[in-house]
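> Per the UniProt record's numbering, residue 1 is the first one in the sequence shown, and the count goes up by one each step.
If you're looking for bench data, these hints aren't it; they were derived computationally from the structure. Watch out, some of these pointers could steer you wrong.
Claimed, not checked - Now the in silico label distances, taken between C-beta atoms and shown as ranges:
| id | residue 1 | residue 2 | range |
| --- | --- | --- | --- |
| 1 | 312 | 254 | 39 to 49 Å |
| 2 | 274 | 254 | 12 to 22 Å |
| 3 | 127 | 95 | 43 to 53 Å |
| 4 | 113 | 75 | 49 to 59 Å |
| 5 | 306 | 159 | 31 to 41 Å |
| 6 | 312 | 105 | 45 to 55 Å |
| 7 | 305 | 198 | 14 to 24 Å |
| 8 | 311 | 159 | 17 to 27 Å |
Yeah, the Cβ is synthetic: ideal placement off N, Cα and C, and Gly gets one too.
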Amino acid sequence: MMKFHLLNQPRVALVAANVRVPEMMIGGVRDFSKMTFEKKKKENAENQSEKGSMRGEADQGNKGEQLIVSYWGVKPMKITKDDGTEWKWSCFRPWETYKADLTIDLKKHHVPSTLSDKLAYWTVKSLRWPTDLFFQRRYGCRAMMLETVAAVPGMVGGMLVHCKSLRRFEQSGGWIKALLEEAENERMHLMTFMEVAKPNWYERALVIAVQGVFFNAYFLGYLISPKFAHRMVGYLEEEAIHSYTEFLKELDNGNIENVPAPAIAIDYWRLEANATLRDVVMVVRADEAHHRDVNHYASDIHYQGRELKEAPAPIGYH
């Protein structure tokens with residue numbers, strides 16, 4: 001388990017740590033409205049100049065990061081790794097990292113038996129054809145596109161289960177957290193592949209169009225039939241496993257350069273410092289297999305005439 005430490009901050013309720021604020025008194029009360037933005041900016045610049053050498057290698061998620069001045073009493077959290085170096089990611093924290101389980105069975109498949117299952121299965125199969133046609137063997141861009149879509153179902157499902165829990169004044173069995181965990185995990189896949197494949201303008205436009213259509217279609221589908229929605233995602237994850245397996249073949253055959261793993265992937269999956277793109281694809285494929293299991297399991301619960309809240313959610317099952 002990666003260790004981390006929270007550095008104790010000075011108890012300054014008005015501004016961020018190490019920022020001196022002049023006290024302007026009106027009738028014995030501090031008047032913070034007279035602290036102009038320019039003065040705050042100047043004080044920040046003085047502080048930042050002393051620490052500039054320590055912030056030379058900012059990651060993509062922290063580009064342009066500056067100390068934020070606030071009198072709301074919210075202090076910036078500083079975290080270090082076990083080796084004493086500063087934790088540089090603000091998009092995720094050390095306690096959200098993990099080592100992927102690569103022993104998971106990648107060949108499991110839910111054989112469609114009911115009409116709903118068959119509809120879900122062939123819906124996913126029909127979506128594969130235009131994807132193959134557009135991306136062909138550009139698996140880096142394909143993975144990036146896949147993850148922009150794959151992160152939608154967990155967010156939609158979690159949101160709707162959350163609203164249902166509020167309406168009915170009942171607990172969710174942990175499924176809100178489990179589904180949002182899935183959405184966040186898929187988003188981290190995207191953040192990783194953004195470092196590997198740089199999308200063109202038309203690929204970005206395609207993402208906007210596809211996400212807009214898919215979000216609304218899945219939202220409507222989940223409202224009508226959660227068991228169909230989860231089954232479809234289960235089959236979608238099975239296709240993702242296949243795509244990443246083909247990605248690995250291309251890497252092994254030398255058709256795609258096995259470049260060093262992005263720094264964000266090394267920290268998120270706790271990979272070795274010399275990890276490569278192949279290692280990243282391996283852990284991402286394992287994540288997709290876990291998402292496959294969770295969504296087929298959720299659909300099975302509904303098929304048994306039960307509700308998700310009646311079965312404890314597999315929280316932390318990446």
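> Now, for every hint given, state plainly whether the structure supports it.
Against the structure, the hints:
{"no.": "1", "hint": "312 - 254: 39 to 49 Å", "result": "holds (45 Å)"}
{"no.": "2", "hint": "274 - 254: 12 to 22 Å", "result": "holds (19 Å)"}
{"no.": "3", "hint": "127 - 95: 43 to 53 Å", "result": "violated (35 Å)"}
{"no.": "4", "hint": "113 - 75: 49 to 59 Å", "result": "holds (56 Å)"}
{"no.": "5", "hint": "306 - 159: 31 to 41 Å", "result": "violated (21 Å)"}
{"no.": "6", "hint": "312 - 105: 45 to 55 Å", "result": "violated (22 Å)"}
{"no.": "7", "hint": "305 - 198: 14 to 24 Å", "result": "violated (48 Å)"}
{"no.": "8", "hint": "311 - 159: 17 to 27 Å", "result": "holds (20 Å)"}
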